[in-house]
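Visitor: Spelled out, the chains give:
6 protein chains.
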Amino acid sequence: MPIVQIEMFEGRTLEQKREMVKEVTQALVRTVKCPPEAVTIVIREMNKEDFAEVGLLYCDK
Amino acid sequence: MPIVQIEMFEGRTLEQKREMVKEVTQALVRTVKCPPEAVTIVIREMNKEDFAEVGLLYCDK
Amino acid sequence: MPIVQIEMFEGRTLEQKREMVKEVTQALVRTVKCPPEAVTIVIREMNKEDFAEVGLLYCDK
Amino acid sequence: MPIVQIEMFEGRTLEQKREMVKEVTQALVRTVKCPPEAVTIVIREMNKEDFAEVGLLYCDK
Amino acid sequence: MPIVQIEMFEGRTLEQKREMVKEVTQALVRTVKCPPEAVTIVIREMNKEDFAEVGLLYCDK
Amino acid sequence: MPIVQIEMFEGRTLEQKREMVKEVTQALVRTVKCPPEAVTIVIREMNKEDFAEVGLLYCDK
Chain Y
1 MPIVQIEMFE
11 GRTLEQKREM
21 VKEVTQALVR
31 TVKCPPEAVT
41 IVIREMNKED
51 FAEVGLLYCD
61 K
Chain A
101 MPIVQIEMFE
111 GRTLEQKREM
121 VKEVTQALVR
131 TVKCPPEAVT
141 IVIREMNKED
151 FAEVGLLYCD
161 K
Chain D
201 MPIVQIEMFE
211 GRTLEQKREM
221 VKEVTQALVR
231 TVKCPPEAVT
241 IVIREMNKED
251 FAEVGLLYCD
261 K
Chain S
301 MPIVQIEMFE
311 GRTLEQKREM
321 VKEVTQALVR
331 TVKCPPEAVT
341 IVIREMNKED
351 FAEVGLLYCD
361 K
Chain H
401 MPIVQIEMFE
411 GRTLEQKREM
421 VKEVTQALVR
431 TVKCPPEAVT
441 IVIREMNKED
451 FAEVGLLYCD
461 K
Chain Z
501 MPIVQIEMFE
511 GRTLEQKREM
521 VKEVTQALVR
531 TVKCPPEAVT
541 IVIREMNKED
551 FAEVGLLYCD
561 K
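Residue numbers (the working numbering), protein chains in the order written: chain Y, 1 to 61; chain A, 101 to 161; chain D, 201 to 261; chain S, 301 to 361; chain H, 401 to 461; chain Z, 501 to 561.
Pulled out of the complex, with its shape left as it was, chain Y reads as follows:
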């Protein structure tokens, strides 16, 4: 704990994911004072057919 889940559109590079999990972990360590070993992050990628706002699929915007 904390367990973090990040849902985002597919298309980020491995290098971007690598930086993202490093920096999000550091942000949690600094602010909620947990050890870095306690932070687990799960990434879920999604395509633009599977996300909607205001009743509209993102691929139709």
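FYI, nobody ran anything at the bench for these hints, they're computed from the structure. Take these hints with a grain of salt, some might be off.
[Said to hold, decoys possible] Straight-line Cα separation of at most 25 Å, SDA-like style, residue types lysine to any residue; simulated pairs:
1. Lys248(D) with Ala538(Z)
2. Lys448(H) with Cys459(H)
3. Lys122(A) with Glu219(D)
4. Lys33(Y) with Cys259(D)
5. Lys461(H) with Glu449(H)
6. Lys61(Y) with Cys259(D)
7. Lys361(S) with Glu307(S)
8. Lys33(Y) with Leu256(D)
9. Lys422(H) with Lys433(H)
10. Lys361(S) with Lys461(H)
11. Lys522(Z) with Ile503(Z)
12. Lys533(Z) with Lys333(S)
13. Lys22(Y) with Arg44(Y)
14. Lys361(S) with Thr440(H)
15. Lys261(D) with Met501(Z)
16. Lys422(H) with Pro435(H)
17. Lys161(A) with Thr440(H)
18. Lys61(Y) with Met101(A)
19. Lys148(A) with Gln116(A)
20. Lys361(S) with Glu37(Y)
21. Lys322(S) with Pro335(S)
22. Lys248(D) with Lys148(A)
23. Lys461(H) with Thr340(S)
24. Lys333(S) with Arg418(H)
25. Lys448(H) with Gln416(H)
26. Lys348(S) with Lys161(A)
27. Lys533(Z) with Leu257(D)
28. Lys48(Y) with Met501(Z)
29. Lys48(Y) with Ala138(A)
30. Lys322(S) with Val554(Z)
31. Lys522(Z) with Met1(Y)
32. Lys33(Y) with Gln5(Y)
33. Lys333(S) with Thr431(H)
34. Lys561(Z) with Thr413(H)
35. Lys548(Z) with Pro435(H)
As the structure is a computational prediction, the values presented were derived from the model and not from experiment.
Since the structure of chain Y is already known, use the hints to place chains A, D, S, H and Z on it.
Guide: Here is chains A, D, S, H and Z on its own, set in the frame of chain Y:
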């Protein structure tokens, strides 16, 4: 808010997803009195190997 | 299936939840052609300290 | 209810999933005294680029 | 990994939860061949106003 | 998008949550190059009876 997640079997057409997010958004606007801009919907598709009821995978039914 | 999860701020009445699950279920039946028996809905209520946009808690807006 | 979600790395065989949902369902029936018909299980598979501990992607370990 | 989430109605005793996490962990170790240290379980309790099937809240059944 | 969910033990102060959502949002903006307006964060607090590792509830450790 609301944030809605819909898990369903893969195989729906883009047109079905399009109608689904439109009608689910309208249902929320009517019943919980939120503006349509507040509704976010995430769709997660799943295959029949990854869902079980009564201890049995759906693909084995 | 579908399994629907709806996260929203606390404070809706029982009657609003009752209407919401009825209408969301009907929206799914109409659009993805599943039987009403297949629709499961889980509601998760949240307070304004536990939701953030643009890096700002909702209770601070 | 209960609704169980199991996130794990991809690569398990269909036979392993089949045994897993059978045994997890039995464990719930024995311990929380629900009927087997009440147990729904959703499996989510993930690759090693999408999971991190201690700020490090699993694929980089 | 695996990360398991179990959503169920509130009202189970601490002893039932204790047995549940022990037996679910053992079921995963036996079937997907992971070490027990790899299994994380999160329990989410819910009341009968926040769960619906067939368009009907459980508290109204 | 991204939509971030953070599950952690209850007991953090409002000020800690405030700093956490600010810094996690900045971490995402820097690393995946999204605008801050695109980041939504949901916090879920949990008690020590509802989290288990190695088959053991956290409250029993």
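Visitor: Are the hints correct? Go through all of them and say.
Guide: Each hint tested on the structure:
1. Lys248(D) with Ala538(Z): holds (18 Å)
2. Lys448(H) with Cys459(H): With Cα atoms ~5 Å apart, Lys448(H) and Cys459(H) stay inside 25 Å; holds.
3. Lys122(A) with Glu219(D): Satisfied, since the Cα-Cα distance of roughly 17 Å is no more than 25 Å.
4. Lys33(Y) with Cys259(D): holds (22 Å)
5. Lys461(H) with Glu449(H): holds (11 Å)
6. Lys61(Y) with Cys259(D): It is violated: about 30 Å lies between the C-alpha atoms, which goes past 25 Å.
7. Lys361(S) with Glu307(S): Within the cut-off at roughly 19 Å; holds.
8. Lys33(Y) with Leu256(D): Holds, because 19 Å separates the two Cα atoms, which is no more than 25 Å.
9. Lys422(H) with Lys433(H): Measuring from Cα to Cα gives roughly 16 Å; hence the hint holds.
10. Lys361(S) with Lys461(H): violated (51 Å)
11. Lys522(Z) with Ile503(Z): With Cα atoms ~14 Å apart, Lys522(Z) and Ile503(Z) stay inside 25 Å; holds.
12. Lys533(Z) with Lys333(S): violated (48 Å)
13. Lys22(Y) with Arg44(Y): Holds: Lys22(Y) and Arg44(Y) sit about 17 Å apart, inside 25 Å.
14. Lys361(S) with Thr440(H): The hint holds at about 20 Å.
15. Lys261(D) with Met501(Z): holds (20 Å)
16. Lys422(H) with Pro435(H): Holds. Lys422(H) to Pro435(H) sits at ~13 Å (cutoff 25 Å).
17. Lys161(A) with Thr440(H): It is violated: about 29 Å lies between the C-alpha atoms, which goes past 25 Å.
18. Lys61(Y) with Met101(A): It holds: about 20 Å lies between the C-alpha atoms, which stays within 25 Å.
19. Lys148(A) with Gln116(A): holds (19 Å)
20. Lys361(S) with Glu37(Y): holds (14 Å)
21. Lys322(S) with Pro335(S): holds (13 Å)
22. Lys248(D) with Lys148(A): violated (37 Å)
23. Lys461(H) with Thr340(S): Holds, because 20 Å separates the two Cα atoms, which is no more than 25 Å.
24. Lys333(S) with Arg418(H): Holds - the C-alpha atoms of Arg418(H) and Lys333(S) are around 14 Å apart, at most 25 Å.
25. Lys448(H) with Gln416(H): It holds: about 19 Å lies between the C-alpha atoms, which stays within 25 Å.
26. Lys348(S) with Lys161(A): violated (31 Å)
27. Lys533(Z) with Leu257(D): The given pair, whose Cα atoms are some 21 Å apart, holds under the 25 Å limit.
28. Lys48(Y) with Met501(Z): holds (11 Å)
29. Lys48(Y) with Ala138(A): holds (18 Å)
30. Lys322(S) with Val554(Z): Roughly 20 Å between the alpha carbons, so the hint for Lys322(S) and Val554(Z) holds.
31. Lys522(Z) with Met1(Y): With Cα atoms ~19 Å apart, Lys522(Z) and Met1(Y) stay inside 25 Å; holds.
32. Lys33(Y) with Gln5(Y): holds (19 Å)
33. Lys333(S) with Thr431(H): Answer holds: Lys333(S) to Thr431(H) is near 22 Å, not above 25 Å.
34. Lys561(Z) with Thr413(H): Between Lys561(Z) and Thr413(H) the Cα gap is close to 18 Å, so the pair holds against 25 Å.
35. Lys548(Z) with Pro435(H): holds (22 Å)
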